[in-house]
Amino acid sequence: MVPMTTVPSDLSVAEVLPPAYVPPFTTGSTAGQGVVEGDNAFVVELTSYSGPLDLLLTLIRDEKIDIYDIPIARVAEQFLVRIRTLGLNEAADYLEMAARLLRIKAQMLLPRGENEEWEDPRAELVRRLLEYQQMREIVDLLERRADDRRNQFARAFLPEQPTPPQAPLALSLSELLSAVDRVLRVVLEPNMHDVVARALDVPAAIEVIRSLLAIKARLQWTDVVKSDAAPWQVLSALLGLLELARLGELHVAQARPFANVEISRDASSEAA
Amino acid sequence: MTPLAKLLEAALFASARPVPVDELAALDPEASPATIAAALEELRAHYDNDGHGVELVEIGGGWQVLTRSEYTEAIERAQLAARPQRLSAAALETLALIAYRQPIGRAEIEEIRGVNVGGVLKSLHERGLIDVVGRAEGLGRPLLYGTTPLFLEHFALRHLEELPRADELAIALRQTTPSERDVTHTDERQPTRDA
Numbered sequence: 296m297v298p299m300t301t302v303p304s305d306l307s308v309a310e311v312l313p314p315a316y317v318p319p320f321t322t323g324s325t326a327g328q329g330v331v332e333g334d335n336a337f338v339v340e341l342t343s344y345s346g347p348l349d350l351l352l353t354l355i356r357d358e359k360i361d362i363y364d365i366p367i368a369r370v371a372e373q374f375l376v377r378i379r380t381l382g383l384n385e386a387a388d389y390l391e392m393a394a395r396l397l398r399i400k401a402q403m404l405l406p407r408g409e410n411e412e413w414e415d416p417r418a419e420l421v422r423r424l425l426e427y428q429q430m431r432e433i434v435d436l437l438e439r440r441a442d443d444r445r446n447q448f449a450r451a452f453l454p455e456q457p458t459p460p461q462a463p464l465a466l467s468l469s470e471l472l473s474a475v476d477r478v479l480r481v482v483l484e485p486n487m488h489d490v491v492a493r494a495l496d497v498p499a500a501i502e503v504i505r506s507l508l509a510i511k512a513r514l515q516w517t518d519v520v521k522s523d524a525a526p527w528q529v530l531s532a533l534l535g536l537l538e539l540a541r542l543g544e545l546h547v548a549q550a551r552p553f554a555n556v557e558i559s560r561d562a563s564s565e566a567a
Numbered sequence: 011m012t013p014l015a016k017l018l019e020a021a022l023f024a025s026a027r028p029v030p031v032d033e034l035a036a037l038d039p040e041a042s043p044a045t046i047a048a049a050l051e052e053l054r055a056h057y058d059n060d061g062h063g064v065e066l067v068e069i070g071g072g073w074q075v076l077t078r079s080e081y082t083e084a085i086e087r088a089q090l091a092a093r094p095q096r097l098s099a100a101a102l103e104t105l106a107l108i109a110y111r112q113p114i115g116r117a118e119i120e121e122i123r124g125v126n127v128g129g130v131l132k133s134l135h136e137r138g139l140i141d142v143v144g145r146a147e148g149l150g151r152p153l154l155y156g157t158t159p160l161f162l163e164h165f166a167l168r169h170l171e172e173l174p175r176a177d178e179l180a181i182a183l184r185q186t187t188p189s190e191r192d193v194t195h196t197d198e199r200q201p202t203r204d205a
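If you read the protein sequences in the order shown, they are chains D and B. Residues in the first sequence are numbered consecutively from 296, following the working numbering. Residues in the second sequence are numbered consecutively from 11, following the working numbering.
Be a bit skeptical, because a hint or two may be false.
Unchecked claim - The calculated label-pair distances, taken between Cβ atoms and stated as ranges, are: (1) D:445 <-> B:150: 33 to 39 angstroms; (2) B:48 <-> D:443: 22 to 28 angstroms; (3) D:443 <-> B:13: 30 to 36 angstroms; (4) D:477 <-> B:82: 55 to 61 angstroms; (5) D:356 <-> B:174: 51 to 57 angstroms; (6) B:36 <-> D:478: 58 to 64 angstroms; (7) D:471 <-> B:40: 44 to 50 angstroms; (8) D:356 <-> B:133: 43 to 49 angstroms; (9) D:471 <-> B:21: 24 to 30 angstroms; (10) B:36 <-> D:356: 51 to 57 angstroms; (11) D:445 <-> B:56: 45 to 51 angstroms; (12) D:387 <-> B:56: 53 to 59 angstroms; (13) B:51 <-> D:445: 23 to 29 angstroms; (14) D:394 <-> B:33: 32 to 38 angstroms.
Said to hold, decoys possible - Among the chain D residues that face chain B by a calculated CB cut under 8 angstroms, a handful are: (15) 345; (16) 450; (17) 551.
As the list claims (entries may be wrong) - Simulated coverage check for chain B against chain D, where a stretch passes if three residues somewhere in it have a Cβ under 8 angstroms from a Cβ of chain D: (18) 78-90; (19) 107-113.
If you are wondering where the hints come from, they were derived from the structure by calculation, not from laboratory data. Each residue gets a CB set at the ideal place from its N, CA and C atoms; glycine is no exception.
Same shape as in the complex, but just chain D (with noise of 0.2 angstroms):
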């Protein structure tokens, strides 16, 4: 492990590697070098430029021309040549200036005789770049002041807030719970919480009332039910006892209201 750290191999990886990238770099450079230099007269950086007029006065302000005396053939040419790397879309624009600059150059062309009242054709041009360069002394301007202005921070903006709903909370704790009971009636079976129901054991009282029934023709009510009887045993035995009045087992009989009931075999079923 400690000899992968020590510094002969950190220098055999400095020795190996510069071998491995120097290559393409050089290429890679001269390459890209010998291409910037051929074709950098060529090469027209869209975004430098913000239209046909700005193209324009750059060349004119490139070959120091005189703007009121534009040698309308050189800029056309110039022009044309600057434009050939565009994209198609984007030069539209600079393509209807080209246009513009070759039909300025045919009308110079014409022959005139010497009286004949004569307007310059570049008159409406030069009319324009002052007018574009006038604007973009306004532009300069402006970029100065929007830079000062980006330099100084006001207090942050907060945008507008849409108006808050009414404070939820601003209620007494009855109208909260009695909010609270409205929606739950809304709510079909308001499940507040699951009980588990001891199931009741009708089958067993069965047997029990019928093995007591097997020992003695009659019963009570409290000799079936003991008296510490769970409530799931008491309705057990009552459901057994009525089912057994039912399959005809045993009779159930109360001398009055809430008297004690008196079982007895049935002498049918006996019989049968």
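Using the hints provided, position chain B relative to the given structure of chain D.
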């Protein structure tokens, strides 16, 4: 500071936008325009002389408290606030024309700039820097555009009149007096004949 200056300070602090003088004046019905102006001057002097990180600026048709530019870098580095994006050259050119020639229609802008400006107008409108201010007479009743108060704010202008008049610019436009035009023509004709 006087109570009125403090009141104005509080109001300017509470507002996210420049506050016009008449709105400041409405804060105190008893204050005259002169006392409001004096109080604003007092507040500005207070910020300038007592060493504050903010300053009082007249901008966009009103008054606003802005941070001093020497703290911009630090504030931006801490990501407490970000400088807005610069406008493109196309947007600036279009804005310059609208500012000087409003109300102005799209066709006139395109005529001067020599390019289609539909997209630029749309984005300037979306940024709230220009607005439709009317319709021209004539075919199709084209929309006319003008600048908004936000435009003034963006370029730290008090009002549009603060822009230099067209004839004050270095290149005054040789528009149009007949005599001027004649002079230009004789100047131009000579070399062309020689050529």
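Hints, one by one, checked against the model:
At about 38 angstroms, the CB distance of residue 445 of chain D to residue 150 of chain B agrees with the hint of 33 to 39 angstroms. Between residue 48 of chain B and residue 443 of chain D the Cβ separation comes to about 27 angstroms, which falls inside the hinted range of 22 to 28 angstroms. The given range of 30 to 36 angstroms is respected by residue 443 of chain D and residue 13 of chain B, whose C-beta atoms sit roughly 33 angstroms from each other. For residue 477 of chain D and residue 82 of chain B, the hinted distance range of 55 to 61 angstroms is satisfied, since their beta carbons lie about 57 angstroms from each other.
Checking the proposed 51 to 57 angstroms range against residue 356 of chain D and residue 174 of chain B shows it is violated: the Cβ atoms sit about 22 angstroms from each other. Hint check: residue 36 of chain B to residue 478 of chain D, Cβ distance near 48 angstroms, so the stated range 58 to 64 angstroms is violated. Checking the proposed 44 to 50 angstroms range against residue 471 of chain D and residue 40 of chain B shows it holds: the Cβ atoms sit about 49 angstroms from each other. At roughly 29 angstroms, the beta carbons of residue 356 of chain D and residue 133 of chain B sit outside the given window of 43 to 49 angstroms.
Taking the beta carbon of each, residue 471 of chain D and residue 21 of chain B are about 41 angstroms apart, not inside 24 to 30 angstroms as hinted. For the pair residue 36 of chain B and residue 356 of chain D, the beta carbons lie near 53 angstroms from each other, so the given range of 51 to 57 angstroms is met. A hinted range of 45 to 51 angstroms for the beta carbons of residue 445 of chain D and residue 56 of chain B is inconsistent with their spacing of about 25 angstroms. Roughly 57 angstroms separates the CB atoms of residue 387 of chain D and residue 56 of chain B, a value that falls within the hinted 53 to 59 angstroms.
Separated by about 26 angstroms at the C-beta atoms, residue 51 of chain B and residue 445 of chain D satisfy the suggested range of 23 to 29 angstroms. Range check, residue 394 of chain D to residue 33 of chain B: Cβ separation about 54 angstroms, and the 32 to 38 angstroms hint is violated. Contact between residue 345 of chain D and chain B, as hinted, is supported at the beta carbon level, the nearest pair being about 4 angstroms apart and thus within 8 angstroms. With a cut of 8 angstroms, the hint placing residue 450 of chain D at the interface with chain B holds, because the nearest CB-to-CB distance is about 5 angstroms.
For the restraint placing residue 551 of chain D at the interface with chain B, the shortest Cβ-Cβ distance is roughly 89 angstroms, beyond the 8 angstroms limit, so the hint is violated. A count of 4 residues in the region 78-90 of chain B with a Cβ less than 8 angstroms from any Cβ of chain D is obtained; the coverage claim is therefore met, three being the minimum. A stretch counts as covered by a chain when three or more of its residues have a beta carbon under 8 angstroms from one of that chain; for the region 107-113 of chain B and chain D the count is 3, and the coverage holds.
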